[in-house]
Amino acid sequence: MATRTLPDGTRTWRRFTPSQSVVRWMGWLIGVAVFVWCWNRISESTTWFFVWDAPRIAGDIISRATPPKWPYVNELWWPIWDTLNIATLGTLGSLVMAVPVAFLAARNTTPSRFLVRPVALLIIVSTRSINSLIWALLLIAIIGPGVFAGIVAIAIRSVGFCAKLLYEAIEEIEQTQVEAIAATGASRWQVMLYGIVPQIMPALAGIAVFRWDINIRESTVLGLVGAGGIGLQLSASLNVLAWAQVAVILLIILAAVGLGEWVSAKVRGAII
Amino acid sequence: MLRLEKLTKTYKTGDQALKQVDLEVPQGQVLALIGPSGAGKSTLIRCINRLVEPTGGAAWLGGVNLTALGQRALRRERRRMGMIFQEYALVERLTVMENVLSGRLGYVGFWRSFLRRFPQSDVDEAYRLLDRVGLLHMADKRADELSGGQRQRVGICRALIQNPALLLVDEPTASLDPKTSRQIMRLIVELCRERDLAAIINIHDVALAQMFVMRVIGLELGRIVFDGAPDALTPDVLTQIYGEEDWEATIQTVEEEEEEAGTA
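Here the protein sequences come in this chain order: W and C.
Just so we're aligned: the first sequence equals residues 1 to 272 in the working numbering.
Just so we're aligned: the second sequence equals residues 1 to 264 in the working numbering.
If we strip away everything but chain W, and leave its shape as in the complex, we get:
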């Protein structure tokens, strides 16, 4: 970098030359200045009274939420069951759609790189870029409120995620195994069945449980907009400030997410 030979023959070494050092210090200076300026702008538009008041309000809500209203649990079994079903059926539905899309998107299996692949990639990007709550709002308008709208929203939302991970797995398969099956005289579908599918099965199972895990979280809020599940109870309780009920709902959601986490860890452990 900056090796210099002094008149007496010793060679000194610095990580940066003097001019590089100046540039780096200027960079830090500008960074700090931007931070201070932003801090001031945010501070000006903040009502500090509410912020200073926040701990008291939070303490108030916690005192109202405890103890949780345990008998309310009996009204939640059905909604949480709905929520788990939305997540599970939604994930299955998304896999049914994602597998063909992934095969069309992967460079080594797509029928046409210039026609089909861009369409498949567009499907992946567009379904991924819209939040499941927004999909739910759209679908409620189309097919009416209820669990079914939630399932379809979760399914569509997950297609992009599953297809993207799956097509990357397809692109990473070992091509010689595919060649070996093709060399036996197998048909195109048999090559897929024997050469490609076994290689992507672990990835497919991993993606499925991973997405199911995410979808349990996502489906807990779908009820907020009327797409079924426990979110409906959550929004109703929040609207009437029934904090003791909100506490029960949050604990139930926590338990459901914990269950999902545990199952997916078990499944992933089993397939690898």
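Hints listed in this document are in silico derivations from the structure and should not be mistaken for laboratory results.
Note that CB positions come from ideal geometry on N, CA and C, so glycine has one too.
On the chain W side, residues computed to face chain C include the following (Cβ under 10 Å):
hint : residue
1    : Thr176
2    : Ala183
3    : Ala186
4    : Ser187
5    : Arg188
6    : Trp189
7    : Val191
8    : Pro198
9    : Met201
10   : Pro202
For lysine to any residue, the following SDA-like pairs were computed, each having C-alpha atoms within a straight-line distance of at most 20 Å:
hint : chain 1 : residue 1 : chain 2 : residue 2
11   : W       : Lys164    : W       : Pro100
12   : C       : Lys141    : W       : Gln199
13   : C       : Lys6      : C       : Arg50
14   : C       : Lys6      : C       : Ser42
15   : C       : Lys12     : W       : Arg113
16   : W       : Lys164    : W       : Val99
17   : C       : Lys19     : C       : Thr55
18   : W       : Lys266    : W       : Leu92
19   : C       : Lys12     : W       : Asn108
20   : C       : Lys141    : W       : Pro202
21   : C       : Lys6      : C       : Glu220
22   : C       : Lys6      : C       : Val225
23   : W       : Lys266    : W       : Pro202
24   : C       : Lys141    : W       : Ala270
25   : C       : Lys141    : W       : Val197
26   : C       : Lys141    : C       : Thr95
27   : C       : Lys141    : W       : Ile271
28   : C       : Lys12     : W       : Phe114
29   : C       : Lys141    : W       : Met201
30   : C       : Lys141    : W       : Pro198
31   : C       : Lys12     : W       : Arg107
32   : C       : Lys179    : C       : His204
For this one, chain W is given, so just place chain C on it according to the hints.
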């Protein structure tokens, strides 16, 4: 039985991997294809079963011109050419039995292969082949549980269950230790003799080739530069194929090994 006429492969980059190769292999003849890396050995055998599309010339198997076939007819002809790969190319997550039976895919329909309902005659033949190569007890193991030599023997079974007329063998011993390499070569040559099969074996190891085959083809830059008996491989010939090097050691080891084999 197999006849190549001016078989040519030019890659899109302009590299000529094969330059008008003419070759005739009679039934039952096992020949070794030697040559430096990049000489076109792999391309040559892949152009025969068209895993690589040749760009010119013809390849005749029996009375059929393989280079002129459509997809469906090509698949039918591929059943007559068993292929054995470097690094085995088994489907790692399938069982040994599934890997062997996959050699019958050209003969069974999609749904039968999907449900793994292969005809009883295929299953019998698979067991017979596994027994022949000494792996009957491994039939239900997953392929990735096997050692290198065992995997290659499964690869051999997969090629043979096709009931081929010709074996295309691509560096069968490249990732095996010297002892296993010899066992695998011996097995391939024996099986070819039992079934009167022709075989083209790509091989790096000149000494190993000399031990087992009756004919050696030397390939250099996509052209055949040597065609003869194994003992005609003199230092001069090897220099022509591979370039300048001290070849005495290579050839000597072979002679010593033969003596050893003779006394044993």
